[in-house]
Structure formats: structure tokens, C-alpha cells
Amino acid sequence: MTNLVALRKGRIGAALQDIVEWPTFDEGALEKKKYLEYINRKKGVEMYARGHDASLIKIETGFSEKYIYRLITER
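Start counting the sequence shown at 7; every next residue gets the next number (my numbering).
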């Protein structure tokens, strides 16, 4: 386990450990624009869960670590 992942334990740690168990839906049912937005957010959450550095998440998705954290905790 990396130090980044260890820092993320606590409030959302258990939820992140079971990310493959999260409920899913038919992504293909989304309109193209919404689908692309969703996929980018999903990528950010997956990167966060894997312990990627906040700067890499920002580069890859355009989202801050704080935003990704809110996606996880406020949904």
C-alpha cells in the first residue's frame, strides 16, 4: 500500500477498497456529451482510489483532488 492510499484511509477508505463492487448502470444510455463527462469523472475516481498523485489526476482529468473527493463522499 502506498503512502497516498494510506492517507486516504478513514472516512472513505472502506468505500475505495471495494470500488469494483460499486453499483453500475448502462453507460451507453447517456448522451455523448454526458457520457464523456461521466467517463472523465470515473477516471478521476479510479485514479484517486489507486493512489495517484493529485497533480497527475489534474493533468489527466482536469479535476482537482478536492473535487474527486467530493464526488466520492457526496454521492
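The set of hints was computed from the structure by calculation and includes no laboratory data. Just so you know, these numbers come straight off a predicted model, no measurement behind them. Each hint should be verified, as a subset may be incorrect.
What the hints assert, rightly or not - Taking lysine-lysine pairs in the DSBU-like style, the calculated list, with each CA pair at most 30 Å apart, reads: (1) K39 with K49; (2) K72 with K48; (3) K64 with K49; (4) K72 with K38; (5) K38 with K48; (6) K39 with K64; (7) K49 with K72; (8) K39 with K72; (9) K40 with K72; (10) K64 with K48; (11) K64 with K38; (12) K64 with K40; (13) K38 with K49.
Said to hold, decoys possible - Restraint ranges, calculated between C-beta atoms of paired labels, are given here: (14) E27 with E66: 20 to 26 Å; (15) E66 with V26: 16 to 22 Å; (16) G34 with T79: 25 to 31 Å; (17) D32 with D59: 15 to 21 Å; (18) R76 with R56: 17 to 23 Å; (19) Y44 with K64: 27 to 33 Å.
Glycine is no exception: its CB is placed at the ideal position from the N, C-alpha and C atoms.
Practice task
May I ask which of the numbered hints given earlier this structure violates, with the numbers listed in increasing order?
Solution key: Hint check: 17 and 19 fail, others pass.
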